[in-house]
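Listed below are the residues making up each chain.
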Amino acid sequence: MGGLIYYSSASGNTARFVAGLGLEADRIPINDAVPFPDCDGPYVLICPTYADGAGRGAVPKQVIRFLNAPARRARLRGVIGAGNRNFGQTYARAADVIAAKCGVPVLYKFELAGTPTDIARVRAGLDTLWSSECLTL
Amino acid sequence: MKDMPLLSVPRAINWNRLEDDKDLEVWNRLTVNFWLPEKVPLSNDVQSWATLRPEERALTIRVFTGLTLLDTVQNTLGAPALLPDAQTPHEEAVLTNIAFMEAVHARSYSSIFSTLCMTKEVDEAFRWSEDNPHLQAKARLIIETYAPGADPLKRKIASVFLESFLFYSGFYLPMYWSSRAKLTNTADLIRLIIRDEAVHGYYIGYKFQRALEREPEARQQELKDYAFALMFDLYEIEARYTAELYDGIGLTEDVKAFLHYNANKALQNLGYESLFPPAACEVNPAILAALSPDSENHDFFSGSGSSYVIGKAVMTEDEDWDF
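Sequence order for the protein chains is W and H. With my numbering, letter number 110 in the first sequence gets 110, and the count goes up by one each step, no holes. For my numbering, add 1000 to where a residue sits in the second sequence, where the first one is 1.
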């Protein structure tokens, strides 16, 4: 099983989603004085979106800092986006930006803290992703 | 804590000394998103409006009048009622922005009316809004919680329910028309309102959660019970309001799924779990697509989403991230 890393702002929606998954996960700290979690192996990133109406600023600054390290980008296998459809075209935009920048797939998108359906799909999806990753190694 | 009248020493707000980063983040979001109805070419919908049947036009005007009432309440009572409980001067500034944008929203429905409708039809709808028992009941239920001296956290709960739940029986209709390529400019304007309300519900819900953390457990439980009880009461009214409006065009059940979905999102804004089960929240995909156009429904896991190939090479450079 690969790793799971997520960012969640003080509103905590993504943190609640991750808690619902019940999988071991590391949080990218909100405070830039706190060190980033280690990531030695492949991982999936769960990232919320804070875009303005034009889609600018979608990726949280701490996530940008985290992914600025080439070694961390190299281990990223996919991104799951959190957002709110009420933001229209910029719904979960951060996942699209990260996917394009890092050449990885957007695995899934969910709203706010997710629904039980989202949690079940992501849990099953990660399971499949990591078992196929093991096979190709 | 400041339930007392504002400070003996009048203080200037210093945006370079933040107590809560969320205040500046939301202020920036709201100010960048600022808009006025004059920017939307509503007159391009005149021909489309003429293709609606008379009962569809009457329904649309009523729905927009109902939305105007809620925006008016939030502009003049709801957002101002949150001011005395603000924890930071920056929160006060954000709340006044929210109050003003609610006035812009309320004003924009009148722009739609003056562009598309006859005065007589609109006057009839405003009279209807004052006489409709369900619309009046939901407005009153909310206004009661906004009353001076009311529980400040219950006010936030009611405010989030208004912003994130009560509007949606109305927002459904322009999304429905848009999905059928009707009134598409009006839908563009409504999407701007929906975007604003999403930030409002998120921010007020966030402030609620911060305040709730400082309360003892018994009080936390009392507020949670209150929130779910209020949601039940509002939902019952909404269900009747929805049936009265939408039975005529056979859309009531479709609208109700949208209500359940939004009720759950409103509860999430407060940090609570969902009330309605997934099966009750299966919103018509055409409505979801109208809500977030061009935003693909990603489910790579089940193979139904986009068809990205996992890239081996990481093309990005550090400088790319300096945005």
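Please note that the accuracy of each hint is not assured.
[Said to hold, decoys possible] Simulated coverage check for chain H against chain W, where a stretch passes if three residues somewhere in it have a Cβ under 8 Å from a Cβ of chain W: (1) 1200-1212; (2) 1269-1277; (3) 1283-1293.
[Said to hold, decoys possible] Residues of chain H placed beyond 10 Å of chain W at every Cβ, according to the derived structure: (4) Trp1049; (5) Asn1185; (6) Phe1300.
[Stated by the list, open to error] From the derived model, a few chain W residues whose C-beta atoms are all more than 12 Å from chain H: (7) Met1; (8) Asp26; (9) Arg27; (10) Phe36; (11) Pro37.
Derived by calculation from the structure, the hints in this document are not laboratory data. All of these numbers come straight from a predicted model, not from anything done at the bench. The C-beta atom is built at its ideal place from N, Cα and C for all residues, glycine as well.
Structure-based check of each hint:
Interface restraint, the region 1200-1212 of chain H with chain W: holds (5 residues with C-beta to C-beta distance below 8 Å; minimum three). Figure legend: the region 1269-1277 of chain H, annotated as covered by chain W; annotation consistent (4 residues with Cβ-Cβ distances under 8 Å, at least 3 required). With 4 residues carrying a beta carbon less than 8 Å from a beta carbon of chain W, the region 1283-1293 of chain H meets the three-residue requirement, and the given coverage holds. Every C-beta of chain W lies more than 10 Å from that of tryptophan 1049 of chain H, the closest at about 23 Å, which supports listing it as non-interface.
Interface exclusion of asparagine 1185 of chain H from chain W stands, the closest Cβ pair being 15 Å apart, more than 10 Å. Not every C-beta of chain W lies more than 10 Å from that of phenylalanine 1300 of chain H, the closest at about 4 Å, which undercuts listing it as non-interface. Annotated as non-interface, methionine 1 of chain W keeps its C-beta farther than 12 Å from every C-beta of chain H; the closest such distance is 15 Å. Against chain H, the non-interface label of aspartate 26 of chain W holds: every CB pair exceeds 12 Å, the least being about 20 Å.
No Cβ of chain H approaches the Cβ of arginine 27 of chain W within 12 Å, the least distance being about 17 Å, so the stated non-interface status holds. In this structure phenylalanine 36 of chain W is separated from chain H by more than 12 Å, as the shortest Cβ-Cβ distance comes to about 14 Å. With a least beta-carbon separation of about 18 Å from chain H, proline 37 of chain W lies farther than 12 Å from that chain, consistent with its non-interface assignment.
Going through the hint list in order, the structure does not satisfy hint 6, though it satisfies all others.
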